[in-house]
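So the chains spell out like this:
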Amino acid sequence: MSDEEDDLILSELNDEELTEQMMDDLYDGLKEEIEEAVQILLDRNWTPYDILTKSLVAGMQIVGDDFRDGILFVPEVLRAAQAMKGGMAILKPLLVETGAPKMGKMVIGTVKGDIHDIGKNLVAMMMEGAGFEIIDLGINTEAENYIGTAEREGADIIGMSALLTTTMPYMKTVIESLSEQGLRDKYIVLCGGAPLNEEFGNAIGADAYCDDAAIAVETAKKLVAARHNQV
Amino acid sequence: MKPIDTISDEALRDENLRDQGLGETGTGKTLVIACGALAREVLAVIEMNALEHLTLTCLPAILHNEPTKIPAAVERAVTEHRADYDQILVAYGDCGTGGQLQTLCDRLGVTMIDAPHCYAFFDGMEVFTTRDEPTTFYLTDFLARQFDTFVWKPLGLDRYPDLLPMYFGNYEKLVYLAQTEDEGLTDVAREAAERLRLRFERRFTGYGDLGRFLVDSQRD
Ligand code: B12
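Going line by line, the protein sequences match chains A and B. Numbering of the first sequence is given in the numbering used here, commencing with residue 1 and proceeding in unit increments. Numbering of the second sequence is given in the numbering used here, commencing with residue 1001 and proceeding in unit increments.
The following block holds chain B by itself, in its conformation from the complex (with noise of 0.2 Å):
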């Protein structure tokens, strides 16, 4: 176990975070167990609100393309650390598991967010089931900055440009979720929306429920 202030930049990159993870970081008690794409974002929330009993574990974020093996990816590294931590939280929203993570996570009494994916929880679920824009693409700090790994190459469009019109062709808009003011970010997401011919718009989030959810954590 690493303590937080000791991480390396390496670790942190987003390549690392999206094909392997990241290993335990931190000395609390509490074992977050996360998506690598909000690594920074969970780190971010503990050090502002100097969340000591929290320790951090990511999975490979590439898991998100592949829904259906986050479960039981998730439940080996609950098994895995279980005996060391007093309290395991699963910081996933459902992913496209089709309820299958939230069946998982009572099954092994830990707690998982409440929502359907990590838009949904920036955005803050109360906001977000009532906007009504369906034909909306989301992108968040961390998909603005691999938007090329996570959007444009598993589409395959590097190789078949033709082909944005059918994947795209029935969005209007691209909203980039910010979890953080940067200005080479927003120009990032901005030009993602120029690729996909949509109109584009900022909204600033902050960490938005996953903050209150670690933050939450501390009560218990």
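Chain A on its own, in the form it takes in the complex (with noise of 0.2 Å):
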């Protein structure tokens, strides 16, 4: 890091140029100079959805898509999540007393036997960001905890991750186990993690396969979208 940057009083800069700055911030994973940004915005009376989706979201997209393009690696990416995450920490509770919009319930989990946390967690961050309300089920998660869940909570889609091998099988048996109790068509099932493809997640009966946390966003919104014009 420069001295210049070392410097940087962030309250100095107009709103534009600290949204910026945010975005680079959040790149490098500098926690505690993205949460006093927040506040910055937030005594400037910027709306938490405003500040959540025009710097956080939007300097997360960027982060994304450099890990997906091999220009950022898996530690990059986590620290830039624990960055975001504490910004996404002061605006949380403010965004619900402000009715930011609801796009919908999300219950995800990584799947029994695996216990790989760094994707989904970043899938579930980015789905909350955009206005999906997530209950997170960690990880070595059973079928029975994932379909309780949904049913509990009411919930519109069911998420689940794996990494390994030998986990990604146990999606099938979700789908199946959701399929038996006559529930597979209430949710929406959507799937991933680096090993699977599209190809798998036809194979199982998925929603959709979404390559990267961005695309489980977009996925999501447009899944819950044709869902409701269904009905």
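Every clue listed holds true.
Under 8 Å between C-beta atoms, here's a sample of chain B residues computed to sit facing chain A:
| id | residue |
| --- | --- |
| 1 | Asp1094 |
| 2 | Gly1096 |
| 3 | Thr1097 |
| 4 | Gly1098 |
| 5 | Pro1116 |
| 6 | Pro1134 |
| 7 | Thr1135 |
| 8 | Leu1155 |
| 9 | Gly1156 |
| 10 | Tyr1160 |
| 11 | Leu1163 |
| 12 | Met1166 |
| 13 | Asn1170 |
These are calculated hints, taken from the structure and not from any lab test. The beta-carbon is built from N, C-alpha and C at its ideal position, and this holds for glycine as well.
Build the complex from these two chains, which are given one at a time in their own frames, with help from the hints.
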């Protein structure tokens, strides 16, 4: 980091400069700077929703794209996610109060036997940033837990993540279990994780496989809208 | 092609196996295309069982960190060597290719190891599939020696030690699947567990299904 950046006083930047700076800071995984900048924008009467979408989500999208293109690697993505999480923690209670748009509810978790959660957490955060309510079941998630929680919470979407060849097939178990209980059509089922692909998503009967968090958000919005148009 | 007993220590240096792989070694008419992380292990099995029909070549072990590149690299190697050998064996598991490597091997008509990754085939598929230890992180001989290059640094733990709980917070123990009896290496693996703040366990596996895979090729 250069001295110049060290000396930067965030509160002296105008709105445009500050949001630009926030995207840089997010990219560099600077959690404290992000938290400070979020607070400054709140003090300037920005709505929590605008702060979220115009700085944090927008910045994280760049991180996601550069990860996909092999410019950024796992540690950098993880640090950026941590920084965004810091900002989100400030905004989340305020988003509820200020009635930000509600897109739908998603239950998400990494499947049984698998405890990789970096990708899953990223998807959860970006979905949250896009206005979805998220119930995160964490790792090593059993079918009963996905389905029971979705039923209890009245979720629209069930999201499953798997990073291991040995745990991918469990997604099919969950979908079959949904079908057996006559619940398959009640939920939009999304799946993801590095070793998966579209073909696999189709084969297990998911509604969609998503390559990354940005696509997950897009797909979820599209499928939820299509479903609303049906009824 | 070099006879196996003339192979230099330099060629088998971990850094070379990691970044370059290994050129054809052996005089047999069956070629084993293996992950660089298995070079010493394949050679040991060949020597122990006098598998003179085998020749070994390795792809860079570092591909392990970007598994989507493995199928193309294997395909290139098969195409390059096909004409010179009677048979080709691929000493890889799925390794996170999501079934792509198996699809490729089926298409090329070559045999690979039927296992998700090397931890499973060293342990032995039969036992591994019954082990219910999702909160375990595994090391092999190669990975114990190369812990910094394959685990610590790619995860950025050298630069950002505070990420440790985010990576390993849900893990409980590190199991070192040992291919050889080597006290020094056991200490290295134990130290890795300490750095990851995980409980340490050593499990001697020998060469597991890798050994069987290579020995069985004799009968074909
Ligand atoms: C980081 C990592 C780890 C970390 C995990 C830390 C954590 N808290 O998650 C550590 C080091 C602890 C680890 C452990 C293990 N790992 Co690991 N790991 C990886 C690695 C390098 C990156 C995964 C990652 O986090 N990527 C970053 C995120 C952002 O990307 P992502 O997960 O793909 O998620 C994106 C998309 O896929 C999608 N997505 C993901 N989930 C979802 C869900 C939904 C609903 C949607 C819509 C989209 C979506 O959106 C995300 C964001 O863009 C991969 C290799 C690789 N390049 O994939 C190996 C890899 C997955 N691991 C592997 C293995 C073998 C293991 C271990 C068994 C290794 C061991 N030595 O013991 C253990 C497994 C333990 C267990 N039971 O889970 C293998 C799998 C091989 C196989 N045949 O299955 C891989 C492929 C490495 C390899 N080539 O060997 N691992």
